[in-house]
Amino acid sequence: EVQLVESGGGLVKPGSSLKLSCVASGFTFSGYGMHWIRQAPKRGLEWIALIYYDSTNKYYADSVKGRFTISRDNSKNTLYLEMNSLRSEDTAMYYCAKSLYGSYYYVMDAWGQGASVTVSS
Amino acid sequence: DVQMTQSLSYLAASPGESVSISCKASKSISNYLAWYQQKPGEAYKLLIYSGSTLQSGTPSRFSGSGSGTDFTLTISSLEPEDFGLYYCQQYYEKPLTFGSGTKLEIK
Chain A
1 EVQLVESGGG LVKPGSSLKL SCVASGFTFS GYGMHWIRQA PKRGLEWIAL
51 IYYDSTNKYY ADSVKGRFTI SRDNSKNTLY LEMNSLRSED TAMYYCAKSL
101 YGSYYYVMDA WGQGASVTVS S
Chain B
1 DVQMTQSLSY LAASPGESVS ISCKASKSIS NYLAWYQQKP GEAYKLLIYS
51 GSTLQSGTPS RFSGSGSGTD FTLTISSLEP EDFGLYYCQQ YYEKPLTFGS
101 GTKLEIK
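Quick note, the sequences are listed as chains A and B, same order.
Once you know that position 13 of the first sequence is 13 in this note's numbering, the rest is easy, because the numbers rise by one and skip nothing.
Once you know that position 7 of the second sequence is 7 in this note's numbering, the rest is easy, because the numbers rise by one and skip nothing.
Extracted from the complex, chain B is given alone in its bound form (with noise of 0.2 Å):
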């Protein structure tokens, strides 16, 4: 299986700073990669796949990069409403496999 791994498990910034979220894959994925936000109380949500490709509804405050085994979710200014838990997750091969979750949280 491909081993997803996100190293900072938490992350505390402040309301416009810029912070990027790293994730790690374990062998190349080429750019079968997506992230995911999840807030208390609220669904998982698509933020991006292809490892760029920002879904629909998605700031572009939001932006992903990376490809083969190193990726990196940055938001830049980041606002309130930004704190929450950020997934990523592979889909190069069966079975899907997530990274382990890194908090952010918002000074």
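Here chain A stands alone, though its shape is the one from the complex (with noise of 0.2 Å):
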């Protein structure tokens, strides 16, 4: 069964940094694209980046553009998302999941339960 577990979220000030992981089971890790996609409250879902399962390409939402880094560690079977100069409008849910089989990169057909970040002062 596939598995995505994520974690590290928090309170945390504006301005500040904070790194989510997201752990995976149940699949050849190494073998997929995974994406961060984010929920802040009472709002739709916003997908905000993507890597390919060997790290060679990345892409984000210009809202994370220059602030958040994806990276993913395949020997550890974890995602990673860095998040920097933090604002309150990056207060969210953020959930990681699994790219499709095969050339499906943007589609996502696992999902973690998320991990809650919140932005104030």
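Derived from the structure by calculation, the hints contain no laboratory data.
Since the model is a prediction, treat every value here as computed from it, not as a measurement.
Accuracy of the hints is not assured; some may be wrong.
Using C-beta positions, here's what the derived DEER-type ranges look like [what the hints assert, rightly or not]:
id	chain 1	residue 1	chain 2	residue 2	range
1	B	E17	A	S121	45 to 53 Å
2	B	L11	A	S55	37 to 45 Å
3	B	Q3	A	K42	15 to 23 Å
Subject to a maximum C-alpha distance of 25 Å in a straight line, what follows is the list of computed PhoX-like cross-link-like pairs (lysine-lysine) [said to hold, decoys possible]:
id	chain 1	residue 1	chain 2	residue 2
4	B	K39	A	K42
5	A	K13	A	K65
6	B	K107	A	K42
7	B	K103	B	K39
8	A	K42	B	K94
9	A	K42	B	K45
10	A	K76	A	K58
11	B	K103	A	K42
Every residue gets a Cβ at the ideal spot worked out from N, C-alpha and C, and that includes glycine.
Join the two chains into one complex using the hints; note that each chain is given alone, in its own frame.
See the structure below:
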């Protein structure tokens, strides 16, 4: 069974940094692209980043480009999201998600339960 | 960015009924559309991709249709476990974008 477990969320002040982790199990992590998606309170889903299976390609939403960095450690089956210069509008539940097989990089077929990030002074 | 519009934010129906949830893209996205379900306390679940391809494990009462800008998720013969939130997502181009969601409540 595919499992994705996020951690590292919390309450931080504006301008600070935070690093989320997502530990994967139940599939060959090194063979799939991975995403971060977030959902602000009472808002819809916002895709924020994608990393290819081998880290050769990374893509970001404009809202986080230059502030957030997606990375992965295939030896640890772990996906990361390093978030810098956090703003109040980054307050959200952050989900990691696995890409569907093959060329379906942009479809997410498994999601974690999410990690909550609150940015407030 | 491609805007995805789910015009119905809320829908209530009785078990056994058939319901349709619509999703409209701001430009043609061919069939690069996925549907997801979220139930309280559970992870998001992929139901359909490529507009109409059922993900493994998705019950056959779910179907997807449409191409271009207009898409529909249909649930025939609703089961009580089908309540929840439904989102569409386009993957025609980056940034990937989602609809605002349709909450399906079972009467």
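Practice prompt. Hint by hint, work out which the structure violates, then give me just those numbers in ascending order.
Written response: When the structure is compared with the hints, none of them turns out to be violated.
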